[in-house]
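Given next are the chains, with one letter for each unit.
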Amino acid sequence: MTIIQLENVIKTYRVGAVATRALNGITLDFQAGEFTALVGPSGSGKTTLLQIIGCLDRPDSGAVRINGQDVTRLNANQRADLRREKIGFIFQFFALVPVLNAYENVELPLLLSGVPAAERRQRVLALLESVGLSDRLHHRPDQMSGGEQQRVAIARALAPRPLLVLADEPTANLDTANGRQAMEIMKKLNEQTGTAFIFATHDPRVMAFARRVVKLQDGRVVDDGNGQRI
Amino acid sequence: MALSKLWTIAFRDLGRNRRRSLLTLIAVALGLALLMVVHGLVAGTMEDTMQNTIRLETGHVQLRAPTYEQGKISLQWKDLLENADALAVRARSLPEVKAASPVLWAGGVLNTGDESAGVRIYGVDVASAVHEPIRQGMVAGAYLAPDDRNSILIGKHLADSLGLAVGARVGLVVVSGDGQPIEGVFAIRGIFATGVPAYDDTAVFMTLDKAQAFTNTAGRASAIVILLHRQDDADKVAASLRGEGVAAFTWRQMNEVFLQTMQSAMGYYVIMDLVVMLVVAVIIANTLLMAVFERIREMGILAALGMKGRQIMAMFLLEAATLGLLGIAIGIVLGSLGVAYMTRNGLYIGDMSSAASGLAIGTAMYARFDPPTFAGLAFWTLIIVLLAALYPAWFAARQEPVDALRAL
Chain A
1 MTIIQLENVI KTYRVGAVAT RALNGITLDF QAGEFTALVG PSGSGKTTLL QIIGCLDRPD
61 SGAVRINGQD VTRLNANQRA DLRREKIGFI FQFFALVPVL NAYENVELPL LLSGVPAAER
121 RQRVLALLES VGLSDRLHHR PDQMSGGEQQ RVAIARALAP RPLLVLADEP TANLDTANGR
181 QAMEIMKKLN EQTGTAFIFA THDPRVMAFA RRVVKLQDGR VVDDGNGQRI
Chain B
1001 MALSKLWTIA FRDLGRNRRR SLLTLIAVAL GLALLMVVHG LVAGTMEDTM QNTIRLETGH
1061 VQLRAPTYEQ GKISLQWKDL LENADALAVR ARSLPEVKAA SPVLWAGGVL NTGDESAGVR
1121 IYGVDVASAV HEPIRQGMVA GAYLAPDDRN SILIGKHLAD SLGLAVGARV GLVVVSGDGQ
1181 PIEGVFAIRG IFATGVPAYD DTAVFMTLDK AQAFTNTAGR ASAIVILLHR QDDADKVAAS
1241 LRGEGVAAFT WRQMNEVFLQ TMQSAMGYYV IMDLVVMLVV AVIIANTLLM AVFERIREMG
1301 ILAALGMKGR QIMAMFLLEA ATLGLLGIAI GIVLGSLGVA YMTRNGLYIG DMSSAASGLA
1361 IGTAMYARFD PPTFAGLAFW TLIIVLLAAL YPAWFAARQE PVDALRAL
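Chain order of the listed sequences is A and B.
Reading the first sequence from the start, the letters are residues 1 to 230 in the working numbering.
Reading the second sequence from the start, the letters are residues 1001 to 1408 in the working numbering.
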């Protein structure tokens, strides 16, 4: 089932008089349960594409449909609702709320969604167990390693049971072992939950986990296919 | 999202930069405490001045001839009460009345031979409780006896400024109702101190009989001064004693100018309140703006998680409210301590204020607890804190998620 449809998406950034076209007519589909890597050099448009799919930004032109709904016409509050219900995010710098502990960080999107307390607790504990952090529930981000923080971020992204999770360079700040562990967890959860994952990376070790790899260059799709082939 | 979680985040955020939060908290607390002490002093001074005026000068109710003007101290017979004793007896028969006594006032000059000073002569029934403050304020010599014919009492300030002591003889000059100057020589029987320099500087007491004889007023009085058990009964007592040839005035009517002046003065205190609160507001706004700039990326993360602008705004307003409420709580404690100290020890001002204004202000200003005013100050401090937080909160809320995350 197609969950994301992009049609001729164009996005241009302007800095003063200089215009840079970050996305130059992207047309792509993503299916439910996919585990997709967006690859390409810096400036190829990976992060911009993730932000547009994640309703954090809007394209200049073209259509972006999530579950058939054109999201380019939604206002700020509608986009916030959509993100809360359907999209999880994992960032390069872990991006946990520093004043909340691991449990509270994972609980936060469920609070935003109004999930009842008992179910909230059960889901948070299950997710933290699945990322191997049952013993770190009450640790705040500054009391955890980078790898642990990223695992909390993965649990948080999956807490609302989203349609897809968008991850921007999720292993860029992790050492090899922690990076591998994070990818293995994401892969496992992808298989267990059926949540689609789209992650931007230029790390060949990360690409190896992807079933599908979309290669971008200068804001265009230059290859799209099986991860092993690319 | 549960408000309690937003509050939790807001409260914990305050702990990120404890020194900054503490300094902001102190600014709110000191601002409120300062306003409480100043308003406590103003309320105390107003009340004390009013009570001094009632106690020493006007009483709660005065009966006067309709033509008598308070400021002129006329000795013309048409302006004086003829049946003063009967009126005083009638007033004393009312259950609300504590004491009532005829008084004759006259303006005059006191001469020592070397120096002279303008004075206000009080001819009084020395046995009446109306003049108890003078009897209790005696600091040298003795109080007047009912049959004293050639003695006077003067205030300590006047005695000190003219170098007079008990037993000294002085000349008094008044102008009678028909315009004739009248002179007399009196011995100083006693010196009193009421604690109100303006009063102790000008008041000269003698018996009513002697004053009436000295000023050729033939048994007449300027007024009947009435003290009540409860000052709230003034209107009722004045209404029941008002009649043909007798005007009755309450303490409120007699001190209308003073009360209006104090009302006007309150306008200046409102300006001071605004200045102090504005300073607090700037500090709060600065603290929160810095917090917003420091946490701009987090705003992007929260927005990515689906938090709406109004929830981000609410989080910062809760942060401001927490700072404000904690600051207000500390401010109330500090302010109450300050007011308590000023209530007990006062602020010494000497006789500067009374000399300048002629008001019955004592030598020290004492504060009063004024709970409604203090509650109002606390309420407005919180409102100002929240208003000051609006811009930083709005600024945080209007950030585009993608712009906020770009800092990542």
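The reader is advised that the hints may include incorrect statements.
[Unchecked claim] With a straight-line Cα cutoff of 27 angstroms, these simulated DSSO-like cross-link-like pairs (lysine-lysine) come out:
| no. | chain 1 | residue 1 | chain 2 | residue 2 |
| --- | --- | --- | --- | --- |
| 1 | A | K86 | A | K215 |
| 2 | A | K187 | A | K86 |
| 3 | A | K86 | B | K1156 |
| 4 | A | K86 | B | K1005 |
Derived by calculation from the structure, the hints in this document are not laboratory data.
Quantities reported herein were computed from a predicted structural model and do not represent experimental measurements.
Could you grab the alpha-carbon distance between K86(A) and K1156(B) and see if it respects the 27 angstroms cut-off?
Violated - the C-alpha atoms of K1156(B) and K86(A) are around 88 angstroms apart, more than 27 angstroms.
Hint consistency between K86(A) and K215(A) [alpha-carbon to alpha-carbon, up to 27 angstroms]
holds (25 angstroms)
Are K86(A) and K1005(B) close enough, with their CA atoms no more than 27 angstroms apart?
Judged against 27 angstroms, a Cα distance of about 22 angstroms means the pair holds.
Decide if the proposed pair is consistent with the structure: K187(A) and K86(A), CA atoms, cutoff 27 angstroms inclusive.
holds (19 angstroms)
The structure fails to meet hint 3 from the earlier list, while all remaining hints are met.
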